[in-house]
Amino acid sequence: RFFKNNDKCKLVKVDSLDNTEAAPFLKNAKEDRPDLVSIAVPMGVQENASFIVDLDSLLNYRDLFSDDNGSWKMTGARLKFFRVQKEGGQVVSIGKVKREGEAQESIRRLSCIYKSCPFRHRTIVAIEYGKEIDKRFPIVLINYRPEGSPQTFK
Numbered sequence: 201r202f203f204k205n206n207d208k209c210k211l212v213k214v215d216s217l218d219n220t221e222a223a224p225f226l227k228n229a230k231e232d233r234p235d236l237v238s239i240a241v242p243m244g245v246q247e248n249a250s251f252i253v254d255l256d257s258l259l260n261y262r263d264l265f266s267d268d269n270g271s272w273k274m275t276g277a278r279l280k281f282f283r284v285q286k287e288g289g290q291v292v293s294i295g296k297v298k299r300e301g302e303a304q305e306s307i308r309r310l311s312c313i314y315k316s317c318p319f320r321h322r323t324i325v326a327i328e329y330g331k332e333i334d335k336r337f338p339i340v341l342i343n344y345r346p347e348g349s350p351q352t353f354k
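So the sequence shown is residues 201 to 354, counted in the working numbering.
Mixed in with the good hints, there may be bad ones.
[Stated by the list, open to error] Listed below are the simulated DSS-like cross-link pairs for lysine-lysine, each with C-alpha atoms no more than 30 Å apart in a straight line:
(1) 204 to 286
(2) 208 to 335
(3) 273 to 286
(4) 296 to 273
(5) 298 to 315
(6) 286 to 213
(7) 213 to 230
(8) 208 to 315
(9) 296 to 230
(10) 280 to 315
(11) 208 to 296
(12) 296 to 335
(13) 208 to 230
(14) 213 to 296
(15) 335 to 213
(16) 213 to 227
(17) 280 to 204
(18) 286 to 296
(19) 227 to 273
(20) 296 to 204
(21) 227 to 208
(22) 208 to 273
(23) 280 to 227
(24) 298 to 335
(25) 298 to 280
(26) 230 to 280
(27) 227 to 335
(28) 213 to 280
(29) 298 to 204
(30) 298 to 208
(31) 227 to 204
(32) 204 to 273
(33) 280 to 335
[Said to hold, decoys possible] Taking CB as the label site, the calculated pair distances span:
(34) 234 to 261: 16 to 24 Å
(35) 261 to 300: 19 to 27 Å
(36) 233 to 206: 26 to 34 Å
(37) 290 to 205: 26 to 34 Å
(38) 321 to 201: 20 to 28 Å
(39) 295 to 246: 15 to 23 Å
(40) 286 to 265: 12 to 20 Å
Simulated from the structure, these hints should not be mistaken for lab results. For glycine and all other residues, C-beta sits at the position ideal for the given N, C-alpha and C.
Generate the whole structure from the sequences, applying the supplied hints.
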């Protein structure tokens, strides 16, 4: 399903934002479900919505942090470490580890609130192999959600 009739922005139904479910989905999406991968950052999102975005399709990966909803304030950037289990080239599960040295990958959850409407939240889930941007997995999940019932804002 397209967001606002834009075939570059595809709405995705996400049952859980839990890392153990989101990460395998992201790792396999480009191969298994290219029909769900957006190639542009969604604009004007005011309802509950989730998108999988291919950073390689953006002119600049920093475009991910922009939309036309105004200014967002970062409220957290949690990083957790995981080991990956694969079968036949597919990621089937991930397991949390305590120390970075034991990890194959890390998952960063960037949490933001809309400055003029603090009930509005945005979470970006990104898989990383290291601190540099070229070591990040190019597929990310963006989730928009209100606290309470959805409301229109400007």
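Residue 213 paired with residue 280 [C-alpha distance capped at 30 Å]: Cα-Cα ~24 Å, so holds.
Given hint residue 227 paired with residue 213 - CA-CA distance at most 30 Å: Status holds; Cα separation ~16 Å.
Pairwise hint evaluation, residue 204 against residue 280, where the allowed Cα distance is 30 Å at most: Violated, at roughly 34 Å.
16 to 24 Å as the expected CB spacing between residue 261 and residue 234, which holds or is violated: Between residue 234 and residue 261, where Cβ atoms are some 19 Å apart, the hint holds.
Pair hint residue 213 and residue 230, alpha-carbon separation not exceeding 30 Å: holds (16 Å)
Range hint compliance [Cβ, residue 286 to residue 265, 12 to 20 Å]: Once the Cβ atoms are compared, 30 Å apart, the range 12 to 20 Å for residue 265 and residue 286 is violated.
Restraint check for residue 208 with residue 315, where alpha carbons must lie at most 30 Å apart: Roughly 27 Å separates the two Cα atoms, so the pair holds.
Pair hint residue 230 and residue 280, alpha-carbon separation not exceeding 30 Å: holds (23 Å)
Restraint check for residue 208 with residue 230, where alpha carbons must lie at most 30 Å apart: holds (14 Å)
30 Å limit on alpha-carbon distance, applied to hinted pair residue 280 and residue 315: holds (26 Å)
Pair hint outcome, residue 280 versus residue 227 [Cα-Cα no greater than 30 Å]: At roughly 16 Å apart (the allowed maximum being 30 Å), residue 227 and residue 280 satisfy the hint.
Proposed proximity, residue 204 with residue 227 (alpha carbon, max 30 Å): Between residue 227 and residue 204 the Cα gap is close to 26 Å, so the pair holds against 30 Å.
Going down the numbered hints, you'll see the structure goes against 1, 3, 5, 11, 17, 20, 29, 30, 36, 39 and 40, while the others check out.
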